[in-house]
Amino acid sequence: MSSAKKFDMLRTVLSVAIALLISFVIIFFVSAQPLEAIKYLLIGPFSNKRSMGNVVESMIPLIFTGTGVCIMFSANQINLAGEGAFHMGGLIATCVAINMSIPGISPIVALFAAGVVGALFTAIPAVMKITTTANEMVSSLMINYLALYFGNYILNNVIGDPAASTASYPLTAESQLPVLVDGTRIHLGFIIAIAVAILGYVFLYKTKLGYELRITGENESFARYSGISIVKVIVISQLLGGFVAGLGGGVEMLSPIYSRFTWASLLGYGWDAIIICTLSKKNPLYTPFAALFLAYLRTGASIMARRTDVTLEIVQITQGIIILLVVAEQFLSGYRHKLIAREAKAELKEEGVK
Amino acid sequence: MENQVVLEMKHIMKIYGNGVVANEDVSLDLRKGEIHALLGENGAGKSTLMKVLFGIEQPDQGEIVLKGTPVTIKSPQDAISKGIGMVHQHFMLVPSLSVADNIILGVAPKKGIFIDTAKAVDAAQSIAREYNFDINVNDKVEEIPVGIKQKVEILKALYRGAEILILDEPTAVLTPQETEELFVQLLKLREKGHTIIFISHKLDEIKKICDRATIMRNGRSMGTYEVKDITTQEMSRLMVGHEVSLTFDKNEQHLTDNIFMRVRNLTVHNSQGVLKVDDLSFDLKGGEVLGIAGVEGNGQTELIDTLTGLNKKYHGTVQVMGKDIANASIDDIRSMEVAHIPEDRMASGCASTLSIKENLFTNQYKNEKYSSGLMLKGKAMDQRSDELIKEYLIKCKSRRQHVGMLSGGNIQKVIVAREFSTNPKIIIANQPTRGIDVGAAAFIRKRLLEFRDAGCAVILVSADLTEIFSLSDRLAVMYKGKFAGFFTDVANVSEDELGEHMLGIKKDERLEGVLYE
Amino acid sequence: MWKAILSPDFFGTILRATTPILFATLASCVASKSGITNMALEGILLFSALFGVIFSSITHSWLLGLIITVVIGGLIGLILAFFVLNLKTDEILAAIAINLTATGGTVLLLLAFSGDRGVSSSIRSVSAPSLTIPLIDKIPFIGQVLSGQNILTWLSLVAVIVMHLFLYKTPLGLSIRAVGENKNAAESVGISSRRIQYIALVISGCLAAFGGFFLSGGYMNMFTKDMSSGRGFIALAAASMGGNTPIGGLLVSLLFGLASALANVMQLMSVMPYEIILMVPYLTTLIGLGVYYYAQKKKKERLSGK
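Chains as they are written, first to last, in my numbering: chain C, -3 to 350; chain H, 68 to 584; chain Y, 34 to 339.
Honestly, the hints are just simulated from the structure, not real lab data. Computed from a prediction, not measured in an experiment: that's the story for all the values here. Hints are supplied without guarantee of correctness; some may be wrong.
What the hints assert, rightly or not - Below, computed lysine-lysine pairings styled on DSS-like, alpha-carbon distance capped at 25 Å:
(1) H:444 - C:228
(2) H:379 - C:228
(3) C:202 - H:444
(4) H:177 - Y:202
(5) Y:121 - C:277
(6) Y:121 - C:228
(7) H:177 - C:278
(8) H:177 - C:1
(9) Y:330 - H:380
(10) Y:331 - H:379
(11) C:334 - H:379
I would like the entire structure built from these sequences, with the hints used as guidance.
As C-alpha cells, this is what we get:
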C-alpha cells in the first residue's frame, strides 16, 4: 500500500475518533449521567439480539442512498435530491402496496415503481442544468421541499386513512418484505442493499458507462476531448443514482418497520448518504461498512436516548464533525508531506547510488 | 557600492506535494542595480525558485539572505513588504476593475472609511508619469491590450515600493515593438537602482539587456556568469546539456496520393465573438508533418479545436478522409483514426486523480479488445497498460498510480502513449513537448517522425521553433487567424524570416503549396 | 382576493416574509463576492433562531440577545472559514456538516437549556420590537406599509444600503471583489485572499444571524425545530439571481417575499390545499432559477453568436 493511501485510512480513523471524543465532551456538558450515556452509546447495540438487529436494519436505507449518492457524485454532480428521491420512493411504494396484494409480484411492482419515480426525481435538477445551466445543487435543494409537501398532500388527501392520524391505509401483507432472522426485523431488503452496493461498484468500476462517468466526474473537459457525451453521462448518472435512492425509500417502506406510510417530514437519509459517500471515497463497495458504522452509532444513540437524558440528535453532531474532518484535506497534512518528502529524498539517494 | 549584494538565496531545495523535486540545492545572488537573467528550459525549476523568493512556496531546505540578514518570506505580502515585486507570466489583474483600482488594490488611499477615488486616480497617474509609462488609468483592464497590461503589472509592483523586481518571461506575449519598449523601460529602472530578475529562455534577449545570468537545468543551478563573458552557444549548452541540433535525421518523405485532411475557407469566432480563424484553407497528405508556427493566440487553439471536433461553430468546410465533419461528433472524428495531443495536458489531456491505466483507454475502451457489451475487459487493459508503460518509458510505480503524481514529462508520455497506441492516420499535436524534460521531448519527437514515415499525417502546432524546424515538411506561420507565410522548403527558411512572419512584419499574400490541387 | 392583495397589509406581509431571506441573501452575496458559496447559511439561520430565543431570555433584552446571536453567527462563519480555508475542506461538504450539526445541535441545546423538546414553549424570550418612524409614516401607502414593521425589517433594508456601500466604496469591499474575481491577482499585490475570505465569511455569518434572530424573535415568537425550512438555500438562489449584488438581492428577495405572502393569502382564502401552497416559495425559486439561467445562457449565446 502506498504511503498516501495508508495516510488516508489513518486520517479517516482519527477523524472518527476525534468526532466521538467531541461528542463525549458534549454529553458530559448536557447530561446528568454522562458515563451511563456513553456506555449505552458505545456498547448498547451489543446488549441483545434485537439491538444488533436494529443495527443491521438501519444499515439498509443508508446503503441505498449512500450508493445512489456515490453514483451521482462520481459524475461530479452535486445533486442533493437523493433525500427527496427516497421520500418519493417510499410514497409511491406505499401507493402500490396498499392497492396490490399479489404475493411475490406486489413488492416487485412497488419497488420498481419506487425506483423509477426516484430516478425521474433526481433527473429534474440534471435536466434543468443541461437545458438552462441552472446550478444543480440549488435546484436539488428546492425540489426536496417539493417532494416533502407533495408527499404530505398525497398522504392527507389521497392515501390517508381517516381512521388513523397522519398515516396511510395499511400496506397489504403480501407487499411486505419477509423477515430473514427471527427475533429481529432484519429483512430481505438487506440482501437487496448489499446487491445494490456490489452492482453499483461493478457499474462504476467495471463497465464502459461507469468509466465514462468517472472520467467526466474527474475532469469534464478531458471527457469532452475524449469524445464522451457529457449530457448522456449526466442524465444517466442522475437517473441511476435516483433509482437507487428511490428503491431505498421503497424498500424501507415495505420493511417490517412500517405498516403504513407515516412520513410527514423528510427523514434525512439523503444527507446521511453524503457522509456514507464521503467515508467510502465514492466507492459503492465500501458503503456497507460506512453504513454499519453510522447504523451502529444511531442504534447506540437511540438506546442512550431511551435510557438516559441525552437525545438522539447528538448523532447528527458527531456526523457533522466526521464529515468536516474526513474531507479536510489539510488535516494532518504536515505529516503527509513529511511522509512523501521522505520517500522522494530516499529515491534521490537511490538514483545517486546508481 | 557597485557590486553590493542585495539578496542571496542559498542551497534552496523544494519538493512538491506529489514528490516532484523542483529545486535541488540552488543558490543565487543578486547585486544592486543589475538585470539578472534566470535562464533555463521549461520545467528547469526557475518558476519554483521565484515562487520561493516571492513567498508563494516555502523551501524544504536552504535560506534567503536579504541585505545581509537571513529572512523567511512567508507570503507574497511578506515579500512585497520586503521590497520584492513580481510580474507573473499570466497577468494578475482583476479584469472588471480599472487600471487605477488594480494599481491601488490593497493599498487604497482612504477618505474616512471609503476609498478616496480621486486620490487613487492621482496616485496611479503620477507613478505612471514618474516612470514614463503611457497609460490611461481610468480604462478597464479587460479592455486594454496585452502590452499595457504588463505595464500595469510593473506599475503595481513599483507602487508598492519594489526594489527587486521579478519578471517571469515578460516578452512571451509581447510584439517586437512592445518588447523594445519594455527593454528601454527596464534599463531605466536599472538606472534608478532597481534590481531586476529576468526569467527567459530567449538567449538573444538575455544577451541584449542582462548583466549576469544564472542558468538552471533539471532543478539545479549550472552556475552564474557575466553575460558579456559567455557566448550564446555556451549558454544553450549549459541550459540543454548539449548543443542544440537544429535538424533531426529525417528519412526521405513518401507522400500518400490521397488527401487526408482538406480544409476550405475555415472561419471561426471565439466565444466572445472575436474572429480567430480567418478564411483558412489547406490540404494535408499522409507521410508529412505540417508545422504551424506563430505567437500564441493567433488562432491556433481555435483551428485545432475545430479540426478535432471540439468546436462546432464555424464557417467553411473541413473534410477528414474525404468526409465532411460538420455533423460529426468528437467520437466520430476519433473513429476516423484521428489522434489529438491537446495543448494543455492537465486541463483536458488527462484526469489527474485517476490511475495511469484509466487514463490510457479513453480513446479505445469501446474497442472489442478492451470491452464487450457493457463491460470493460480489466485483464486486457491491465496487460496493455503495462506494455505501454514499458514501450513509452513512463516512469511510475505501477499502472495504478495516479497520473497527477507523475512528472510533467511522464504525464505527457501517458497522453502520447494513449493517442499513438491506436495507430492513427492523422495526428494533431498541439504543443506536444511544452514544459517537459529534454529526454521525454526527444522521445515524443522521434515518435512523431516514425508515424510520418509510416504514412501518417501530422499537424504540429508548437511555440518551440527548434522543434518546428526539425520536424516539419511544410511549415505555416499563423498570424491573426491567417497563414502569414507558408514554406515548402523548410530547410532554407531562416529563424529571422520566420520571426518576421510570426510578428506580422512580413505577410505573404500568395501562399505557394498550401493546396495540393 | 384582489382587494386583499392590493392592501398595505399585504405589502407589509411581503416585507415580513422577505426579511429573513433578505438577510441570508445579503450573507450569500458577500460570501459569493469573495468566491465562496456559503451553503451553511441554512444551519446558521437555524442556530441563530435558537440562540436568539435563549440569549434574549437570559439577558431579558432583545438587543443584547441579538448582539450575542450575531457574534455567534460570525463565529460559525469563522469555523466554516477555518475548515474551508485552512484545512481545505470542500465548501459544500463543510456546509452540509454545519447544517447537520445545526439540525441536531439545536434540538440538543434546547433540551439541555430548557427541557423543551423541539419547541421553545417554556422559554420566555424577548422579541425585537416594531418601529414607526415619524415622518415616513405620513407618506401615503408606503408609510402604511413600513410603519409598525419589526425593527429588524427596517434593519434589513438599511443593511442593503450598507452592504452596497461596503462592497463598492470601501477598500475592504474592493479587496473582497478582487479576491472573488481573481484570487491570484489579489495575492500578487499582497492581499491575503485567505484573510479576505475569512472576513467575508464572518460578515456572512453575522448577516445570516440577523435573519435567524428575526425568525424566532419577530416573524414568530418562539423557536421550533427546523424552522429555517430551507430559507438559507432559497437565499443562495436569490443571491445568484441577483448577480450577487445587494440591490439585485433585494429585488429577488422581494419576489420570494411576494410568493410567501401570496401563499399566506391563498391559505386564508383556502383556494388550494395548504400543502400545495407551502410549495409556492420553493417552486418560485426553482422556476426563477430556471428562467434566470436560461436567459443568461441565451444572452451569452447571443454575444458569441453570429
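Evaluation of the provided hints:
no.: 1; hint: H:444 - C:228; in the structure: 22 Å, holds
no.: 2; hint: H:379 - C:228; in the structure: 18 Å, holds
no.: 3; hint: C:202 - H:444; in the structure: 8 Å, holds
no.: 4; hint: H:177 - Y:202; in the structure: 10 Å, holds
no.: 5; hint: Y:121 - C:277; in the structure: 17 Å, holds
no.: 6; hint: Y:121 - C:228; in the structure: 31 Å, violated
no.: 7; hint: H:177 - C:278; in the structure: 50 Å, violated
no.: 8; hint: H:177 - C:1; in the structure: 51 Å, violated
no.: 9; hint: Y:330 - H:380; in the structure: 16 Å, holds
no.: 10; hint: Y:331 - H:379; in the structure: 17 Å, holds
no.: 11; hint: C:334 - H:379; in the structure: 48 Å, violated
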